[in-house]
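Student: Here's the letter readout for the chains.
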Amino acid sequence: MMEGFQEQLWVLLLGSLLGLELIGKVPPTLHTPLMSGANAISGITMLAALTLITRAGESPLLLSLGSVSLGFALFNVVGGFLVTDRMLTMFRSGRKRSGGGQ
Amino acid sequence: MSSAELFQGGLDLLAVALLALGIKGLSKIRSARAANQLAATAMAMAVAGLLISAQPTGVTWVWIAGGAAVGGGLGALTARLVPMTAMPETVALFNGCGGLSSLLVALGVILAATRRDGVTPNLLVLISIGFSIVVGAVTCTGSVVAMGKLQGWLSTPGWMMSRWRHGFNIVLATVVLLAAVLTVVGSSDSLWPLVLSASLLGIGLTLPVGGADMPVVISLLNSYSGVAAAAAGFVVGQRLLIVAGAMVGAAGLILTQVMCAGMNRSLTSVLFGGALGLPSTDGKGSGEYTNITSCSAEECALTLEGAERVVVVPGYGLAVAQAQHTLREVARLLENHGVTVTYAIHPVAGRMPGHMNVLLAEADVPYEHLKEMDIINPEFPGTDVVLVLGANDVVNPQAKTDPDSPLYGMPVLNVQAARTVFVVKRGMSAGYSGIKNDLFECDNTSMLFGDAKQVLSTILGELKALGLGQ
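Protein sequences, first through last, are from chains A and B. Under our numbering, the first residue of the first sequence is numbered 77, with each subsequent residue one higher. Under our numbering, the first residue of the second sequence is numbered 1086, with each subsequent residue one higher.
If you are wondering where the hints come from, they were derived from the structure by calculation, not from laboratory data. All figures in this text were calculated on a predicted structure; none of them were measured in a lab. One should not assume that every hint holds.
Footprint (simulated), chain B over chain A, 3 or more residues, beta carbon under 8 Å [said to hold, decoys possible]:
hint, stretch
1, 91 to 103
2, 112 to 122
3, 142 to 153
4, 156 to 164
Cβ atoms here follow ideal geometry from the backbone N, Cα and C, with glycine treated the same way.
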């Protein structure tokens, strides 16, 4: 168990360092979409919720807890990605129209 | 290791790579939309991998499909229906649900172990569970409070603004810590007190934060929800969650820092109250306005018509009034008349960085016309007319001139360097900082009082009366 935990700590460390590097210089235009997109990714807890359901066996308490948790996570994921896409579509259409007008 | 598990491992690795590329791509306009879709695909792959490897049975499928359909459906509906002006609140809401999900998973795992199997999970798992519960609960209630405050559903009670709140929060934090330690050493009775106290702590920490600082808090809570996901990853032993959560947590911190720098605020002063947290009743820079010039929309329209270069400074007032489309029409008339119209975007204008960009994009303003502060500031001396629409603190010259001002040092837009400045504002009330704005008393500043949309419609009418757009 300790070995697995150590490995997980390595994963945590490297993931954090990667996250710090990924967002270097972001134009302010993209701050809101970036926040919203990153927020959607944090809904990855849906995997944990799925695991909870698959390991719940017959227990109705665990099944419903997992199901509700999955619902909230998917609300975050689906809503987050779609709303980000909606914002980004606007930037694109703005560019097209200005290009066509010139 | 079965072949299904190997397959899942491979999919997970690919998903991590795609998620990282997705976050990176989201930071460039050209690639942002594809990057967002890439990240979504990566998440779908991870789910597929898990389902293939775990092979749920009949009844389990029903629970999975039920939760997924309700949550995903409501999410899609919310994403489609929510107005663009309410974007910060929406992100806060989604974020809170992510935190709640982590909290529920941790609860489920500990209940499964203690109630059903009658075993106590090992110490490391218990620590992860405690951590996940605390971060998840704080993220959840904090986000809901942030949403409520931005929507105007919640106001801060007086005692929450006073020093007492620190005592309240310290007591709560102590209770959280105690309950967490008790949970970790194996007392299942302390589980619910832990959930309750951590939830209250999220409220106690977020409720006193002023409206102007809310974007920073949402960004920070976004980072927390990443941490909560990583903690949930430790709880169920899934590396993918740990990587993705850690990436979001770290990236969220960077974004929070960027926002704090833009407002010249430290994270500590945002969270624990500082100059801008309280209305300045005794502070310098407050006081009555003595030398205000107001003017009519007709005068403003005439000046705009005769200008060569116009710069628009949008602020939260524009978003509240939903005036972006009217603004775009005014700009179109002026542009067709040969006037150059650009938009000066302060990094923290609105309630979220990029808030104004999204708002203007919605009204089809080409984003090349939006200029960042560093680029537009040297251009103000050559500008004929500046139109300030519902912005206040971000154009306050005190930030440059008055070392005693709480705003001192905050980068601002140098609008007073332009020939004429029009400020459209609902009334003489102070900005979110509660600080007097010296700009309003400048000789070249004229005030137009009223709702931004109404004022702009009147200006539009006046411009048409002048023969523009015909």
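Student: Hint by hint, note whether the structure agrees.
Tutor: Verification of the supplied hints:
1. Against chain B, the stretch 91 to 103 of chain A contributes 12 residues with a C-beta closer than 8 Å to a partner C-beta. That satisfies the three-residue criterion, and the hint holds.
2. Taking a C-beta to C-beta cut-off of 8 Å, the stretch 112 to 122 of chain A contributes 11 residues in contact with chain B, enough for the three needed, and the coverage statement holds.
3. With 12 residues having a Cβ less than 8 Å from any Cβ of chain B, the stretch 142 to 153 of chain A passes the three-residue criterion, so the hint holds.
4. Counting residues of the stretch 156 to 164 of chain A whose CB lies closer than 8 Å to any CB of chain B gives 9, which reaches the minimum of 3, so the coverage claim holds.
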